[in-house]
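Trainee: What follows is the residue order along each chain.
There are 2 protein chains.
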Amino acid sequence: MTDPPAFELNCPLPFEQPERVLLAHGGGGRLMQNLLQDTLFPAFANPFLAAAHDGARLVLGNQVLAFSCDSYVVHPLFFAGGDIGSMAVFGTVNDLAMCGAKPLYLSVGLILEEGLEMAVLQRVVASMAEAAKRCGVLLVTGDTKVVEKGKGDGLFIHTAGIGLIETALEIGPQQVKVGDAILINGEIGAHGMAVMAEREGLAFEGPIKSDCAPLHELVSELLTAGFELHCLRDPTRGGVASVLNEIAAQAELQIELKAAQIPIDPAVASACEILGFDPLYVANEGKMLIFLPQAQAEAALACLRSHPLGRNAAQIGVVQTGAPRVILHNPYGTTRLLDLLSGEQLPRIC
Amino acid sequence: MTDPPAFELNCPLPFEQPERVLLAHGGGGRLMQNLLQDTLFPAFANPFLAAAHDGARLVLGNQVLAFSCDSYVVHPLFFAGGDIGSMAVFGTVNDLAMCGAKPLYLSVGLILEEGLEMAVLQRVVASMAEAAKRCGVLLVTGDTKVVEKGKGDGLFIHTAGIGLIETALEIGPQQVKVGDAILINGEIGAHGMAVMAEREGLAFEGPIKSDCAPLHELVSELLTAGFELHCLRDPTRGGVASVLNEIAAQAELQIELKAAQIPIDPAVASACEILGFDPLYVANEGKMLIFLPQAQAEAALACLRSHPLGRNAAQIGVVQTGAPRVILHNPYGTTRLLDLLSGEQLPRIC
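Protein chains in written order, with this note's numbering: chain A, 1 to 350; chain B, 1 to 350.
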């Protein structure tokens, strides 16, 4: 297979912005990148946004803080392995952790649809509280709005978070270097397929549970052990392939992955095969990609594997000089360009 | 008129929580208070939430920060004097200012409905950018989600904000004291009636414009002048009456208002009268209530009046010992209890 020419990724993207918002604009793929690059970033231009990381790094007095936020619109609200409440806590905790921060405080905004069962709200709130306790974060401020029936979808949650950055490392895509190893802390694609199964009422051979989990402890252990972390990123919407495309573009380097080294649960792999999904583009909610010097990869993998959330950690690729793109090496010696999708295989996955 | 017995406000509220979420749960009235007290505060119990202010006060290293958030679901998106974009910036800036903080950084979450015109999004984003510039805040991190047509309503915005508290005063409802004067920086009810007019296609005698505006400069001037501010609060959802009820309950003190001293634009007053709204319960987006010692009231009013956003500032009431309730003294010597409404006169006003 011939690789497409590199200008496709270097030049302004050739898509024209459609006149109306499409579902695909929320998918973490190319349309979303266009929306950010054409509309949002130019309007709000500042160096914090230009860093294009999972959160902003703010220096306030003698402290360095991380500040991040996410809205959660996952449908359905409950699925095997998690729910919108735990996701809304873990998701923002993870974004802070990806900045190398210790998560401390969260804000919570609820947008409720008229008619939502109070019992559902209580279940979600209880799940948020339990998740916050697990992460040692406090939900310190919040807001509740209600919209008319038919103007929402049960329940949307927005969380913003503040974390404390104690490492001197500046973790982010700009720090990625040629020769870096790319690690992941376990199997890909479970969250997306668990939500898909719940949404469509599908039963697969093995049970598939979302990997929804907080990653701050893993990050803390890597930092405490002194690894020179260049970049951390949780491959949520758009999966591993989309997130690596973003990082390749920001670092202006080529990423090469070995398909055979990418951990995947057989049940998730077969569900993806049956339904025609590429697991490299399926969302994760408890995984992170770690960029660090190749010389430290083995020790970092040992560190990850000593934690329950990193037992199946693996090195999946390396960073090379070359056009900013992501190349997948298949077992039979062929290669495939992992491009940004125009949208998302599974809307409203998070 | 006989005042209702005080136990109604002191005891657990007699309403039973309905089985489903009602529009009124979002209204800033009694149902919303019940939802917060019964469901949200117990689940997330911590001293920051217990302070029940517009934002949390966080000590981090040698800094004291304010952290606040709000979702914006106002309908329609554009109205005389503002739009959802400027509201989403000014609203969170104001919540930070009410903590006595200098607003610094905002996060932005957009929940877009499939089919939203891109031109509308661009107009809202431009308005946010302009509002942020006016306030000297940076939008440093964000998130965009898209939901299917019919599962949202064009555009919802969530902003969270971080501000720096440099005053040694701990501003909040717990600091309100017997003998405090209650000031307001101008006329009430304009925002609610402007949105109402836009929503229903009404034209009133005079043009009614929302008062949507950032209050951080006014707060900064009061702090710089050295006034002993006990509490600041912007009377948004539920208006002046609802917000004063909350403060009376938190401070465990009685609030007395003089109707004749409450500034109101004649066009707003007559629109309220025609439509049967009580302007004391109508939302404001550029007003604040200021609690400070009576001896400082005149000087503080002079300070407020020297700023364009405080030209019509007035003292509207005082804090007294007594049951935690809000009493309105009418010009003819009668009094009226301003209770919490069960819901909100105007849903989706902010």
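Because the hints were derived from the structure by calculation, they are not lab data. Because the structure is a prediction, the values reported are computed rather than measured. Here a beta-carbon is modelled for each residue, glycine too, at the ideal position from N, C-alpha and C. Hints should not be assumed to be uniformly reliable.
[Said to hold, decoys possible] No farther apart than 25 Å at their CA atoms in a straight line, the calculated lysine-lysine pairs in the DSS-like style are these:
#: 1; chain 1: B; residue 1: Lys258; chain 2: A; residue 2: Lys149
#: 2; chain 1: A; residue 1: Lys133; chain 2: A; residue 2: Lys102
#: 3; chain 1: B; residue 1: Lys151; chain 2: A; residue 2: Lys151
#: 4; chain 1: A; residue 1: Lys149; chain 2: B; residue 2: Lys209
[Unchecked claim] Which residues of chain A face chain B? A few of them, derived with a C-beta cut under 10 Å, are:
#: 5; residue: Val73
#: 6; residue: Leu202
#: 7; residue: Leu223
Trainee: Against this structure, judge whether each hint is valid.
Mentor: Evaluation of the provided hints:
1. B/Lys258 / A/Lys149: violated, 39 Å
2. A/Lys133 / A/Lys102: Holds, at about 14 Å.
3. B/Lys151 / A/Lys151: holds, 6 Å
4. A/Lys149 / B/Lys209: violated, 29 Å
5. Val73: holds, 5 Å
6. Leu202: violated, 20 Å
7. Leu223: Check failed: Cβ of A/Leu223 comes no nearer than 18 Å to chain B, outside 10 Å.
Figure legend: structure checked against the earlier numbered hints; hints not met, in rising order: 1, 4, 6, 7.
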